[in-house]
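Asker: These protein sequences, in sequence, are chains A and B.
The first sequence begins at 25 in my numbering and counts up by one.
The second sequence begins at 25 in my numbering and counts up by one.
Warning: the hint list may mix true and false statements.
[Claimed, not checked] In silico DSSO-like cross-links for lysine-lysine, where the CA-CA straight-line distance does not exceed 30 Å:
hint, chain 1, residue 1, chain 2, residue 2
1, A, Lys87, B, Lys155
2, B, Lys156, B, Lys95
3, A, Lys123, B, Lys132
4, A, Lys30, B, Lys156
5, A, Lys48, B, Lys95
6, A, Lys156, B, Lys87
7, A, Lys157, B, Lys87
8, B, Lys95, A, Lys156
9, B, Lys48, B, Lys35
10, B, Lys157, A, Lys132
11, B, Lys132, A, Lys87
12, A, Lys30, A, Lys66
13, B, Lys46, B, Lys155
14, A, Lys156, B, Lys35
15, B, Lys132, A, Lys48
16, B, Lys87, A, Lys95
17, A, Lys35, A, Lys62
18, B, Lys66, B, Lys95
19, A, Lys95, A, Lys63
20, A, Lys87, A, Lys30
21, A, Lys156, A, Lys95
22, A, Lys87, B, Lys95
23, B, Lys157, A, Lys87
24, B, Lys62, B, Lys95
25, B, Lys46, A, Lys132
26, B, Lys87, A, Lys123
27, B, Lys156, A, Lys87
28, A, Lys30, B, Lys157
29, B, Lys35, B, Lys46
30, A, Lys46, B, Lys132
31, B, Lys66, B, Lys48
32, A, Lys123, A, Lys156
33, A, Lys156, A, Lys48
[As the list claims (entries may be wrong)] Stretches of chain B that chain A covers, calculated by requiring three or more beta carbons in the stretch to come under 8 Å of a beta carbon on chain A:
hint, stretch
34, 101-109
35, 125-133
36, 145-157
Note that these hints are calculated values from the structure, not bench results.
As the structure is a prediction and not an experimental result, all values here were calculated from the model.
All residues carry an ideal CB built from backbone N, CA and C; glycine is no exception.
There are 2 protein chains.
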Amino acid sequence: MEAKNKLRMTKQRQVILEELRKVKTHPTADDMYQMLRKKMPKISLGTVYRNLEILSESGIIQKLDVGGTQKRFDGDITIHSHVRCIDCGRVGDIDVTPKYNLEAEAQKMTDFMIFRHRLEFTGLCPICQHKKKATS
Amino acid sequence: MEAKNKLRMTKQRQVILEELRKVKTHPTADDMYQMLRKKMPKISLGTVYRNLEILSESGIIQKLDVGGTQKRFDGDITIHSHVRCIDCGRVGDIDVTPKYNLEAEAQKMTDFMIFRHRLEFTGLCPICQHKKKATS
DNA sequence: CTATTTGATAGAAATAATTACTAATTACAT
DNA sequence: ATGTAATTAGTAATTATTTCTATCAAATAG
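Take the sequences, apply the hints, and build the full model.
Answerer: Below is the structure:
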């Protein structure tokens with residue numbers, strides 16, 4: 025019943041972690057797969073999924089659920105929020121630190137035991153802003 | 025090419041809307057399907073999906089994306105946040121109105137054009153709190 | 001009132017994203 | 001170096017959702 029947590033640092037796991045930390049985007053599992061197979065052509069999509077899952081479970085990376093059909097991943101585990109472009113799905117970072125304790129505020133309103141919050145924004149990325157302008 | 029917006033109030037659509045407004049939970053499409061087929065045994069899962077989509081697109085209900093694998097729906101379209109139980113997935117309402125303009129704050133930090141925000145909490149629902157207590 | 005067109009339905013099939021299975025391989029402690 | 005449990009590639013299966021198709025019913029035209 026104990027969590028053994030024997031994490032082996034395989035080549036695949038290492039490359040996945042390195043690559044995710046390198047990019048400033050927030051790739052989906054498939055994005056990662058496409059990126060990775062350039063360096064490691066025989067890597068399998070299942071391996072990418074499994075490792076992203078394992079790495080996020082052990083808190084080494086972050087799994088994002090910012091809307092849209094696919095999960096995304098972030099190598100930056102510091103506290104920050106995200107914006108998602110409603111047109112193209114691109115996800116960017118935003119550093120907004122709420123000026124008061126949202127969890128405490130929320131705790132007053134519910135019988136759930138509150139652990140943490142997630143603040144996310146929706147908007148238009150620079151590229152899609154330009155496209156909109158061109159169309160009008 | 026114009027948005028005609030001809031919404032026919034069919035029996036199925038009506039029952040879906042009524043049922044969603046009646047419950048205080050935040051059912052998935054399949055939850056709805058299971059609930060609805062008790063009243064309307066021949067209703068199709070596709071119809072449930074399509075109508076929840078149509079109703080949320082026209083702003084009559086809300087489509088939620090609070091994590092987990094399935095989308096959820098909310099008949100309450102007033103501004104409010106949600107908590108999701110990390111154990112069972114149950115979703116509850118929380119009325120926290122941030123005391124300052126989060127969008128404006130975020131806009132300073134990004135070149136995305138910010139439209140709106142979404143604030144969500146994670147925690148343990150009352151039922152799972154009890155289960156945890158019993159186990160310890 | 002009857003015909004037409006338009007939107008909606010049930011049921012099945014298709015697609016997309018993710019997870020599970022299996023035999024072969026590999027990292028790592030001894 | 002060797003044993004063994006973890007991990008892999010490749011494939012199959014599953015899950016959630018969307019699309020397709022033939023049919024049906026309401027609304028509108030004549």
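Asker: So, for every hint listed, does it hold in this structure?
Answerer: Right, here's what the structure says about each hint:
1. A:Lys87 <-> B:Lys155: The given pair, whose Cα atoms are some 27 Å apart, holds under the 30 Å limit.
2. B:Lys156 <-> B:Lys95: At roughly 26 Å apart (the allowed maximum being 30 Å), lysine 95 of chain B and lysine 156 of chain B satisfy the hint.
3. A:Lys123 <-> B:Lys132: holds, 15 Å
4. A:Lys30 <-> B:Lys156: holds, 26 Å
5. A:Lys48 <-> B:Lys95: holds, 27 Å
6. A:Lys156 <-> B:Lys87: Given pair lysine 156 of chain A, lysine 87 of chain B holds - Cα atoms ~25 Å apart, limit 30 Å.
7. A:Lys157 <-> B:Lys87: Given pair lysine 157 of chain A, lysine 87 of chain B holds - Cα atoms ~29 Å apart, limit 30 Å.
8. B:Lys95 <-> A:Lys156: holds, 29 Å
9. B:Lys48 <-> B:Lys35: holds, 22 Å
10. B:Lys157 <-> A:Lys132: Roughly 21 Å separates the two Cα atoms, so the pair holds.
11. B:Lys132 <-> A:Lys87: holds, 25 Å
12. A:Lys30 <-> A:Lys66: holds, 25 Å
13. B:Lys46 <-> B:Lys155: Distance ~28 Å between lysine 46 of chain B and lysine 155 of chain B Cα, so the pair holds.
14. A:Lys156 <-> B:Lys35: violated, 39 Å
15. B:Lys132 <-> A:Lys48: holds, 19 Å
16. B:Lys87 <-> A:Lys95: holds, 17 Å
17. A:Lys35 <-> A:Lys62: The given pair, whose Cα atoms are some 15 Å apart, holds under the 30 Å limit.
18. B:Lys66 <-> B:Lys95: holds, 23 Å
19. A:Lys95 <-> A:Lys63: Given that 30 Å is the threshold and the Cα spacing comes to 23 Å, the pair holds.
20. A:Lys87 <-> A:Lys30: Holds: lysine 87 of chain A and lysine 30 of chain A sit about 21 Å apart, inside 30 Å.
21. A:Lys156 <-> A:Lys95: This hinted pair holds, its Cα atoms lying about 26 Å apart.
22. A:Lys87 <-> B:Lys95: Holds: lysine 87 of chain A and lysine 95 of chain B sit about 17 Å apart, inside 30 Å.
23. B:Lys157 <-> A:Lys87: It holds: about 28 Å lies between the C-alpha atoms, which stays within 30 Å.
24. B:Lys62 <-> B:Lys95: holds, 22 Å
25. B:Lys46 <-> A:Lys132: holds, 25 Å
26. B:Lys87 <-> A:Lys123: It holds: about 29 Å lies between the C-alpha atoms, which stays within 30 Å.
27. B:Lys156 <-> A:Lys87: Answer holds: lysine 156 of chain B to lysine 87 of chain A is near 25 Å, not above 30 Å.
28. A:Lys30 <-> B:Lys157: holds, 29 Å
29. B:Lys35 <-> B:Lys46: holds, 16 Å
30. A:Lys46 <-> B:Lys132: At roughly 25 Å apart (the allowed maximum being 30 Å), lysine 132 of chain B and lysine 46 of chain A satisfy the hint.
31. B:Lys66 <-> B:Lys48: holds, 25 Å
32. A:Lys123 <-> A:Lys156: violated, 34 Å
33. A:Lys156 <-> A:Lys48: This hinted pair holds, its Cα atoms lying about 24 Å apart.
34. 101-109: holds (count 3)
35. 125-133: Result for this restraint: holds, n = 5.
36. 145-157: Coverage by chain A holds here, the residue count being 7 at a Cβ distance below 8 Å.
Hints 14, 32 from the earlier list are contradicted by this structure; the remaining hints agree with it.
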